[in-house]
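Protein chains in written order, with the numbering used here: chain A, 1 to 289; chain B, 1 to 289; chain C, 1 to 289; chain D, 1 to 289.
Each hint should be verified, as a subset may be incorrect.
Identical copies go unnamed one by one, so any copy, or any two together, can satisfy a pair.
Unchecked claim - As a list, the in silico DSSO-like pairs of lysine-lysine whose alpha-carbon atoms are at most 30 Å apart:
| hint | residue 1 | residue 2 |
| --- | --- | --- |
| 1 | K221 | K282 |
| 2 | K166 | K282 |
| 3 | K32 | K221 |
| 4 | K263 | K221 |
These are calculated hints, taken from the structure and not from any lab test.
There are 4 protein chains.
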Amino acid sequence: MQFNTIGIIVKPEAVVVTDTLAHLLAYLKNKKLRVLLDESAQGLCQQNQTIVNRAQLAKQSDLVITIGGDGTILNAARSIADEDVPLVGINIGRLGFLADVPPNDFETALDKILAGDYLKAERFMLSASVQRDGKTLFSSDALNDVVMHVRNVARMIDFETRVDGKHVNHQRADGFIVATPTGSTAYALSSGGPILHAGLQAIALVPICPHTLSSRPLVVKADAVIEIIVGDTGQAIAQVTCDGQTSFDVIHGDVIKVQRKTKLLTLLHPPGHSYFEILRAKLHWNKNS
Amino acid sequence: MQFNTIGIIVKPEAVVVTDTLAHLLAYLKNKKLRVLLDESAQGLCQQNQTIVNRAQLAKQSDLVITIGGDGTILNAARSIADEDVPLVGINIGRLGFLADVPPNDFETALDKILAGDYLKAERFMLSASVQRDGKTLFSSDALNDVVMHVRNVARMIDFETRVDGKHVNHQRADGFIVATPTGSTAYALSSGGPILHAGLQAIALVPICPHTLSSRPLVVKADAVIEIIVGDTGQAIAQVTCDGQTSFDVIHGDVIKVQRKTKLLTLLHPPGHSYFEILRAKLHWNKNS
Amino acid sequence: MQFNTIGIIVKPEAVVVTDTLAHLLAYLKNKKLRVLLDESAQGLCQQNQTIVNRAQLAKQSDLVITIGGDGTILNAARSIADEDVPLVGINIGRLGFLADVPPNDFETALDKILAGDYLKAERFMLSASVQRDGKTLFSSDALNDVVMHVRNVARMIDFETRVDGKHVNHQRADGFIVATPTGSTAYALSSGGPILHAGLQAIALVPICPHTLSSRPLVVKADAVIEIIVGDTGQAIAQVTCDGQTSFDVIHGDVIKVQRKTKLLTLLHPPGHSYFEILRAKLHWNKNS
Amino acid sequence: MQFNTIGIIVKPEAVVVTDTLAHLLAYLKNKKLRVLLDESAQGLCQQNQTIVNRAQLAKQSDLVITIGGDGTILNAARSIADEDVPLVGINIGRLGFLADVPPNDFETALDKILAGDYLKAERFMLSASVQRDGKTLFSSDALNDVVMHVRNVARMIDFETRVDGKHVNHQRADGFIVATPTGSTAYALSSGGPILHAGLQAIALVPICPHTLSSRPLVVKADAVIEIIVGDTGQAIAQVTCDGQTSFDVIHGDVIKVQRKTKLLTLLHPPGHSYFEILRAKLHWNKNS
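Isolated chain A, as found in the complex:
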């Protein structure tokens, strides 16, 4: 794969990315590569750059580099996955599960990646939709998770879960998470879900603060069709949210349908990248703990 056109997406309104962005632009200019800047970078760079909208960026780029954290990758992933553009993340701030190129020495990593020396990790995503009275009112992709959640404090929501059309159970909880392996180390982990190895073809269904004490996380096949039927919400206002970034209010009777997206997301990592090493670092696992 030849990377001629590089798209850049940054953490929006984040002054912290300014320096890294300037260095990256200089680096890519020096490599004589064509660069497309996402609108998120507007105002964060002085140079005379080509700024395009996200759809254009996705269509024309051979590679997208994000500057930010895992959230920036999540945001980028949802908009470029349909175009089969691979993604590299320069990580500002805390170490990320997804963004693993260090900002102070991105040149070493990018030299290798641009030369074709990289580890390719394919991650599957989810497609979520909300159906009401037979109509699809909302749809969105998600790389990490699709979360149904009450928006007001200390309220529970009643819901039914179905897998491949089969009734699983009724639960009362603060919410419910449908997570990919990628998302299993994010919100789902805080809610008591298991870690799904990044390459596993599986989806985790994790209740949030279940009132039903015998509720447990359930892991199903990646090609399962998951439906959450919203029950009586009482005074609660419930919402479905993809990757913590795009939301839609749901009401009694709505069906939230989640299934694997056909197109995969491709992440490129510098050689030497180790899934378990990042896991150990992020979860503070070490021999002496």
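Since chain A is already given, all that's left is putting chains B, C and D on it; use the hints.
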């Protein structure tokens, strides 16, 4: 204790209480007791009843009877605790932890209670306040819990906890629960908190979906002063809520202070009431499970 | 598939199976099927039956019927899996996850199964071995789980986990469970592991009472090679156990290697069998809880 | 309090304590204090020391210093608590919850403590006994916990719990922990129990790997009388163990009775000792996690 004036508080706008309310009014009239109806009962009874505001009801009643669920008792408790009025709960709907008099045979229970044959359970409550720039902007009592929580989905909140002025830790979580023994079987239990026996002089501090994987519930003395210092909330909107019923938005730097309320709440139960029996029934504990 | 020879394995020394065994023998005799009885049935039946050892039974049977509980199926599975003999379980006692034919009406179920009207569920098993100084000292199959565990109370064990030759982490815990989807609803569930849907190609790695508070269950691909390297056990005596039935003591430096067994186990269920229905019944999930 | 006679108890057969023991003996000799050495120190010191048995040591000492870890303090506590002798722990190896004097600079801490400048922490202990057919067959004290546990892998035990003579529930689990606040950060924490603040007058009841999914830790008053009635153990061999150090096999029908010991244990800490600081260090809580 002589119960001459009986206050009645019902689940607001709840048509389901109508029948029980009518029967209760007839029963009390027959006993020739003075009855004060809370404004929550307005429109739910045909009879020519004395309807007073909550403050009046609290001051003048010798006993308050609620019709509804545990939520109705929580609501009543916060308004009558200062006046030392005991509380009895007629339970509509699911079995309650607090409201334990059955609606279809409340006469048996009330005959005994009005005759002085009852079990008296004193429960302590919490006083919560929010301080910003040295001023108290919000204060409320709580029988179950004081909860700090983000209102928007999939956002975490940074906060520091102090006990008796001493730094305990910094955490990142969806929220944090300060629960009495009474509240330990409510929201705190769904969030992984322990059950505190109703008579224990202790408060449970329970993180909600902690990002910090080594976070654990902490139980402190009932007379501890608990402070939660709200950290950088990022894009999250955080709120403090007492008993799931009264809320206040908090911002970075706010101090949520929680301590035991001096006045105790007195619940009256019919003879034979058993704490562990209710626990077993509510949590579905039985020999064959 | 034609079922001409039926093998029968029962719960050993279990008088409770006597009646069902007698009825089953009469039923099969009436069907004019050849019957082989496992040595476990010796002394539990009066009739003049052909009793064979397990290896013979596995080789010659077209179908094996167990009478007992899930433990009897686990025991049978380990000895017949290599011969591709399908298994049906008549359940005595508590409802089983695996043994689902009721003893008081097994005729209805067996009529259908023998006529070829059944649901076929293929479950993968694990092969475990213990290697010390390059030699394999122990090996066993398991349908539910391979468990490393300290045998004496309140002692921890240090160990390292590797997946596909890669270091995952060091942990200190009471033990460690490697569970199939079949075993995910058994011991692994009590230890905080997730439920893996029966058809999922995945293995759950679940620490038992981890001293390391950030330890979490990890789910890996079914074809992963899992190695547990036993660390300093101090005063603890550690053991590896397959399906809770066959054990071997391990010492510092031993490598417990676990991987998927090539041969699958085939369970036959009567038509109408529902995985989620059994899950709901076993875990006491219902709408009102 | 004047500390004239100092008892010393060390980690048994632990060569690692030799150096610290030599330094401590020299230090105390220099202070012209009378020193009694426990039999655990036999063979670990060259000097001509007075070695006494534990009962003598407990009776004659004004202060006991342990060299080892928390286990050494647990061991010492059970033997000296009846004599009201305070305890100081020099910590070898990992930081301890109880033993907090560093071995490489114990002089600074002991100078202050011997001069009366210390923090005094009173910790309550438990008294456990096993009753069979009306006879007490075993009794022991415990500073951390009384644990009932199956000794063989993957076996469960049935048992009933009573608090103050009242039936709480029946459970099936790997075991059950009765923990003091001191013990709440030890084994009980690994089993999902809450942290009880060191000064709390409460006892935590924590099931180990409960088969009953709705089982939860229960916290009761420190003066509660807890009874565990051992049920049908099937093929499991069950044991009761105090502080992980002294054990007794129990059988179906045995009653394990646990209650607070009247005598308190007194720990002396150097000035500046902070409970929460040790908690943060031991549990790896910090701002960036």
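A quick look at each hint next to the structure:
no., hint, result
1, K221 <-> K282, "both (26 Å within a copy, 22 Å between copies)"
2, K166 <-> K282, "between (36 Å within a copy, 17 Å between copies)"
3, K32 <-> K221, "neither (44 Å within a copy, 42 Å between copies)"
4, K263 <-> K221, "both (17 Å within a copy, 21 Å between copies)"
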